[in-house]
Amino acid sequence: MLVYKAFFKIIQKNILQILIYIVIFLFFVVLIANTYTDPTNMDFKESKVNTVFINHDEDSKLLEGLKEYISQNANLIDIPDDIQKLQDALYFREVEYIVKVPKGFTEAFMKGEEIRIEKTIVPDSASSVYMDNLINKYLNTARLYISSIENLSQQQLVNYIGEDLSHETEVLLFNPDPEKGKNIRRMYYFNFLAYSLFAILILGVSAVMIVFNQPDLRKRHSCSPLKLKNMNFQMILGNISFAILVWLIMIIPSFIMYGDYMFTKKGLLFLLNSIIFTLPALSISFLIANIVKSKNAISAASNVVSLGTCFISGVFVPRDFLGETLLKFASFTPTYWYVKSNHIIANIDRLKEEDIRSILTGILIMLIFALTALAITMVIKKKKYTGQVSGS
Amino acid sequence: MYNNILGVFILVIKVDNLTKRYGNLIALDHFNLEVNQGEIFGLLGPNGSGKTTAINCILSLLKYDKGTVEIFNKPMAPDAYDIKKDIGLVMQNVAIFDELTVYENVDYFCGLYIKDRNHRRELVEQAIDFVSIGYYKDFYPKKLSGGLLRRLNIACGIAHQPKLIILDEPTVAVDPQSRSNILEGIQRLNKAGATILYTSHYMEEVEQICTRIAIMDKGRIIATGTKEQLKAMISSGEKIRVELFDMDDNILQDLKKLPHIVSVEYEDNFLIVKSSRGKNNLLAVLDYLKSNNIAFGKIYSEPPTLNDVFLEITGKELRD
Ligand SMILES: Nc1ncnc2c1ncn2[C@@H]1O[C@H](COP(=O)(O)OP(=O)(O)OP(=O)(O)O)[C@@H](O)[C@H]1O
Ligand SMILES: [Mg+2]
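So the protein lines, in turn, are chains A and B. Numbered by the numbering used here, the letters in the first sequence go through residues 1 to 392 in order. Numbered by the numbering used here, the letters in the second sequence go through residues 1 to 320 in order.
One should not assume that every hint holds.
Stated by the list, open to error - Pairwise CB distance ranges, derived in the manner of DEER restraints: (1) B:Arg117 x A:Thr372: 36 to 46 Å; (2) B:Pro176 x A:Asn232: 49 to 59 Å; (3) B:Tyr140 x A:Ile249: 57 to 67 Å; (4) A:Asn230 x B:Ser132: 46 to 56 Å.
As the list claims (entries may be wrong) - Covered stretches of chain A (in silico footprint by chain B; criterion: 3 or more residues with CB under 8 Å from a CB of chain B, positions within the stretch not fixed): (5) 7-13; (6) 207-219; (7) 222-233.
Hint data in this document are derived by calculation from the structure and do not stem from the laboratory. The model shown is predicted, which means the values in this text are computed figures rather than measured ones. Glycine is no exception: its CB is placed at the ideal position from the N, C-alpha and C atoms.
Sequences and hints are given; from them, build the entire structure.
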C-alpha cells in the first residue's frame, strides 16, 4: 500500500490549508448554535425567554395568575432581589427580562387606576418585545374584565383571564412548534457543511493528483513493475478514505450539538444526504484535480467552485432570496439538490411519501453527477496521455 | 563486455529500426542499438538528438511508429512486468516526491520493486550511502541543493539493485564534486554486476567511464565502438600546438608540405597543426622548426577527441 500511504503523506503536508476550512466550519457551527435564526421566519417564540419575577407587592391572586401565565410562556428564573446580582445576571445573559411589581400594584390595578409594572431588559433584545406583549396581553385582558364586570373577585378574574388566554394562545401564536426553529438551524449546519466539505475535497484531492500527475513521476511509476490496476486501486481507495474521513470530521459537531436527534429519522436523513453529497463532491474534485496544473490554481479552484456552487444553491442566502434563473442555473450543480433535500428534511412536520420521493430523486441526481464527473475525468486523462503508453 | 566464462556476448538490450515521429519531426530514425551484459554503454549526442526519446521508447514509456525492442531477450511492452522488475531508470529530470523525506523517497521507489520490508530497509540504506546523502536522510527535497537532488534521484532509481540501469544525463547542471561522485558510482555499480546504458552530451564523461560508445545525431546512430575504435575511424589524428612569436607565410607553406599534415593555422601566437593518422608527426614539425632556426615556446600535443569524430562525420561541433 505504498501509493495509499504516499497519498496521505501528501495530504499531511497540505494539512494547514485544510485545517483553515475546518476552523471556518467550526466557527460557523458555533455561530449558528447561538444566533442563527431563519430570516424568512422571524418568530422568536421558539426559545423561551429567561425571566425573573420580582414582587414588591402583596402575594395577590392577580399577581399569582400573572406569574403563572409568564411561567407558561417563558423560563422563570429564581434570582434573589439584589441589584448587583440582577445586573450580573443580565450582563451574562442568564436572564433577559426582569419584571418588577411595585408596592400597592394589586390594589391600584383592581381599582382601575393607572399603574405600571417595571421592567429591566437586555438592550436591543427581540425577546423583550415578546415579553412586553405577553404581560400587556394579561393585564389588558384583566382591565377589560374589571371595567366590564363589577365586584369581580381576584380569583374569578384570574379564572376568566386564564380561559381567555389559553384560547387565544392557540390562535395567536404563529408557530407553536419550537422544534421547527431548531430544524432550520440544523438545516443551516448541514447546508454549510457542503461548502467546507467541497473546498477541502478539492484542496486535498488536487494536492495529491497534481503530484502523481507530474510527467516524470508518472514515468517512474510506469517503468516499475507496479501494475496499473493496482496503482489505480490504491489511488481510488485513498480518495474514498480521504472523503469519508473529511465527512466524519464534518459531522462530529452535529452529534455533539444535537445529540440523540441525529438518530431520529430526520437526523439520519440529514446524514444520509450529506454522505451522498460527498460522492459528487469527490468526483468533481477529482475532475478539477486532473485539470489544474499549479498549487495556486488549486486554491483558486477550491475557493471559486465551493463558494460559487454554495452561493447559487442557497447555502449562505435563503433560497427565496435567489432569482428563478439563478436557481435554474444552480440545478446544474449537486449542491443545489443537496440543499433542496435539506430544506425538505427541515421543513416538514411528518415525512410523507412524497417528501421521501423528492429526497430520493435528489440522491439519484447527485449520484448521476458523481458518475458524469468521473466519466469526463477518464476522457480527459485518456486524451492527455495518448502517445504515452499507460502500462503500469 | 562479454561473458568471460563462455567467451560470448550476452545481449541485454537489442533495438532494431526504431522510428519515432513527433508530428513532422522524426525524433528517432531507424535507430539501432545493442548493449551487452556487463557493459557501460555510452549514448553520446548533442541536445535534441533524441537520447531521451530513445530511452522512453526502449522502456515502452512512449509509443513508437516502427521497430522492435528486446530486453533480456524478451520483447519489451508496457505490461512486461517481469522485465521491468530488473531495470532501474534514472531520468534526466529529477522525479521525486517533494512531500516525502529523502529516506521516504528512496524507500517508496524501492518499494515499487521490493516488497519485503527488512530486505528493503537494507537496500535503501545502501543506496543512500552509495550516493553519500546519509546526512540528509530526514531532509525534505526542497532543502537540498541541485547536486544533492540529482544524487537522490539516482538513489531512487537504483536502490532495488537492478540488472540493467539506464541513466539519462545524470550529471547535467551538477557541481564538480557531485559529478565525480556520480561517475565513480556508476563504475562501482557496473563492477557489482549491473549493465549500464548511459546518455550524455559531455564527451569527456563518456570517454572516461564507457566501455563502448554510440554517437547519435538527429535520431540516428552515426558511429558505434570503443573510444579507440571511434577515433581510428576518422582521418584526423593528433593536434599539435606550438607557441611561436615570429611567423610568416613561408613557414605555413613549408609545414603544409610535410607528410600526414592536414591543416596548418596560426592564431594568438600559436601554430596549430592538425595531422592525419601516423606517427612522429610532432617530431617532424619540431625538426623543421629547429633546422630553420625558428624560436618556439611551449608545445602541446592533443590526441583526437570524440568531438573530432563528431565533427568529421557531421560537419559540426558536438557542443555549440
Ligand atoms: N513531446 C514532444 N513533442 C514534440 N517534440 C518532441 C517531444 N519530445 C521531444 N521532442 C523533440 O524530439 C527531439 C529529440 O528530443 P529528446 O528529448 O529525445 O532529445 P535529447 O537527446 O534527450 O536532448 P537533451 O540532451 O536536450 O535531453 C528534439 O528535437 C525535441 O524537440
Ligand atoms: Mg534528453
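Hint check, failures only: Hints 2, 3 and 4 are the ones this structure does not satisfy, whereas the remaining hints hold.
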